[in-house]
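J.: Taking the hints into account, I'd like the entire structure generated from these sequences.
Quick note, the sequences are listed as chains A and B, same order. Just so you know, the first sequence maps onto residues 1 to 339 in our numbering. Just so you know, the second sequence maps onto residues 1 to 616 in our numbering.
Worth flagging that the hints you see were computed from the coordinates, not collected in a lab. Treat the hints with care, since some could be wrong.
Stated by the list, open to error - Each computed DSS-like pair below joins lysine-lysine, with the alpha-carbon atoms no more than 25 Å apart:
#1 B:Lys188 / A:Lys327
#2 B:Lys71 / B:Lys187
#3 A:Lys195 / B:Lys189
#4 B:Lys178 / B:Lys189
#5 B:Lys74 / B:Lys602
#6 B:Lys416 / A:Lys8
#7 A:Lys339 / B:Lys178
#8 B:Lys71 / A:Lys339
#9 B:Lys74 / A:Lys339
#10 A:Lys327 / B:Lys280
#11 A:Lys12 / B:Lys456
#12 B:Lys280 / A:Lys339
All figures in this text were calculated on a predicted structure; none of them were measured in a lab.
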Amino acid sequence: MNEVSTQKLTIKDFTSDQEVRWCPGCGDYAILKCMQRTLPEMGVTRENTVFVSGIGCSSRFPYYMDTYGFHTIHGRAPAVATGLKLANPDLDVWVITGDGDGLSIGGNHLMHALRRDVDLNILLFNNKIYGLTKGQYSPTSDIGTRSPSTPQGSVDPALNPVSYALGSGARFVARTVDTAQKHMPGVFKAAHAFKGAAFVEILQNCIVYNDAAWSDITDKAAAPDRQIMLEHGEKMLFGKEGNKGIRFNPGKFALEVVTVGEGGVTEEDVLTHDHSNLQLARMIAELGANPGEPIAMGVLYSEQAEHSYVEAVLGQMDAAKGTRTLKDLMYGGQTWQVK
Amino acid sequence: MASDVQVLESAVVRFAGDSGDGMQLTGSQFTSSTALSGSDLATFPDFPAEIRAPVGTTFGVSAFQINFGAKAIKTVGDRPDVLVAMNPAALKVNIKTLRPGGLLVLDTGTFTKRNLQKAGYDDTPLGTPELETYQVIELDISKLTLEAVKEFGLGNKEALRCKNMWTLGMMLWMFSRKREPVIDWLKKKFAKKPEIADSNVAALNAGHAFGETAELSATFKRYQIGATHSDPGIYKTVTGSQALSWGITAGGELAGLPIVLGSYPITPASPILHALSNMKEQGVVTFQAEDEIAAICAAIGASYGGALGVTSSSGPGIALKGEALGLAISTELPVVVINSQRGGPSTGLPTKTEQSDLYQAVYGRNGDAPIPVIATRSPGDCFEAAIEACRIAVKYMTPVMLLTDGFIANAAEPWKLPDLDALEPFTVEFAEPAADGEEFSPFTRDETTLARHWPKPGIAGTEHRIGGIEKDFKSGHISYDPENHQKMTDVRAAKIDGIANDIPLQTVDQGEEGGTLAVVGWGSTYGPISEAVKAARADGLNVSHIHLRYISPFPSNLEALLRSYDKVIVPEMNSGQLKTVLRDKYLIDAKPLNKVSGQPFKIQELLDAIRAELAV
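T.: Here it is, written out as structure tokens:
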């Protein structure tokens, strides 16, 4: 019953027979396809893979995967997944959430799953809007977003999911885009290989309620100048010509965009990405906030702890394992006999 | 000395002092010494919600009451025979409870002008008519303690901390209890601070010696209370939280499943989290979650993963768990939800007891969302009730609400330890893959119990997707079909109703089946109702006591049983919640008898109500 199949699995094996019910053109389709396509490449089995989600458009994801899946309640997927992992630690557990689910109603659970470093792969689909409830602004919506609940435009600042994750103590933080079918598999694989809580923000387009919300970053024409593809150990270069770079300005204690070959700037001046550097990760997480800055894509931070949360808990369980049974415990201590 | 010993059948002693005076420790040590003497007993720790309220104030008074005797003890006693008051505030708060003629022991060393003021006394009550009806023993316990521990060179403050042991020593003498268990406990507790251990032992011995040698008036008698318990076996003093934690662990073992507890600290449920956190050796995984919602969600996740998820809380926390409870109902996953009830609504009375979450347990969710509800009646009973909650949860694939309360959680009673090997296992078998060519459905049901089977992630061939959206009766896929929703709602209800066929028939605890009056209770009112009915019956009154463990569904014979009496009264520590459910189910004229003062019922109150009902 519990045999491990030696046959190589394919995209078909991970595709359930359920009709996908996202709006035509939704960015979620591309993410789903990419996951179904990438899992076989990771060498995982269907029976050991579980997708846990909250509520929202993205959270319908588990129904379309032919693995184990649990569509839970709004915001609570990280908590459900934590219990699942404690009960059944050999499973590969993926959490699927969105900007409303993960950062608004479920912000607390996301923070603590990341802080604890529970061995989960958490994918946050960020479309900067509430889709399933018909278009209200979300915690990642830009100021001024007009929506049914903010007819004059929203007034509260947006949250940066990647900075939130780092601030919560996440040890693996990455970012990718729904349409980046070549980039996304690598990010999924890195998240999966990471022992601990791996957080991935996926910039995703909602074609109905917030179409083109990311187009200034993700459009083919804009992408080279608005995205910087991070590689560990590589210079942080980007741009159509590949000659723009990120430099640390010590006087301002800030990152700045420079052009190699202009104003005496050489490649030497450009920072090298080191995904084990937390301070660097915190700074590049904020890139994009100022005009002309690109948004960081790929693995911003990856620094595995000696033990993930679940390993540490099970370690304590193992250390406590003894010969004292419940009976010993109950019959021990102060007792007396009535004859 | 021996000739002075007066034999009593039972006695109620109440220790009261400032929160910092160590009254709970004094009480619990007196309890263990009493238990080892073989007396039956019941205890009632009554402490303030504040961790350290300002010293000497009335709201900082902490008390511990014990009723012990050579007969079966079912309540903590209506009124103490002995009150020990360590300061004016303790006297002020507790003097009303002392029975007229009772013994009042006072530490006069604390009756300073300032302390009297803080307690709200204009003048000292000592020697005034206010205390006339009692036998008052005035002792400067503070000074006597300082004297006793002088040789250890402690600071004044530290030395005064031994006051409670001095007092305990004297009370142990008064009731002919052994000091050895307390001395052993002190040496163990302060193993790393021998001077503290020694000074406490010295204080204890000094208090005891004082009783033996003091030339006090004839009121200062020594009492002997005999042993009880005719039922042979090994006994132990347990609190409700302890027994409940053992029951959960036993339930996991009987089901063949690991226990995963998700919990968030809350009074008075935290002791369950603490006890289970200490049971790693028995394979219990505990998870202190970030909030109440995460706690139950982790339990649900654990059950989805093939363990038995458990969550423990009190009313406010259960309210937060409501939506997740619905998820467990909809996905039909087992979860044991423990509610250690306290006074409500909102924050209410965190450290006081109440039974006011019965509506919440039975009705408190969105949608048609029935779950089994069972209640514990006493500390020892928590063990069996917890096992039963586990059994029903896994057999019927449902969350189960296990109601206990702050009184049961903290109270202690001697309990005959059960024979664990004789407990009936209810081993869980996980779902198997579908036959060749057939689609696996997570909602395949057992024809008798209507419970769905339980697929476990990690097993090949039973991969499936579930969630809180309505599912197709057959395939388990999402379904918005109107007829299907009707069918699923019906089957969820029928499954829970059917549990009535799998639980014992309701018995009559005392008295006859059928008659003039039935007193119907549930939970921790067991003791007072039992005593009151016993007293009424001794007076020849036609009254019976029925005590419910199963609140939802009710046992199948309950309606017929209740209809066999002319009258039914329902005493509850709420405004009439079981009464309403009984009326709702059976359209019978169940009459309420309610108390929501944060204090347990007194036997006399119930006896008066029984007499009033019978018009005698």
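J.: For a quick check of understanding: which of the numbered hints are violated here, in increasing order?
T.: 2, 3, 6 and 12
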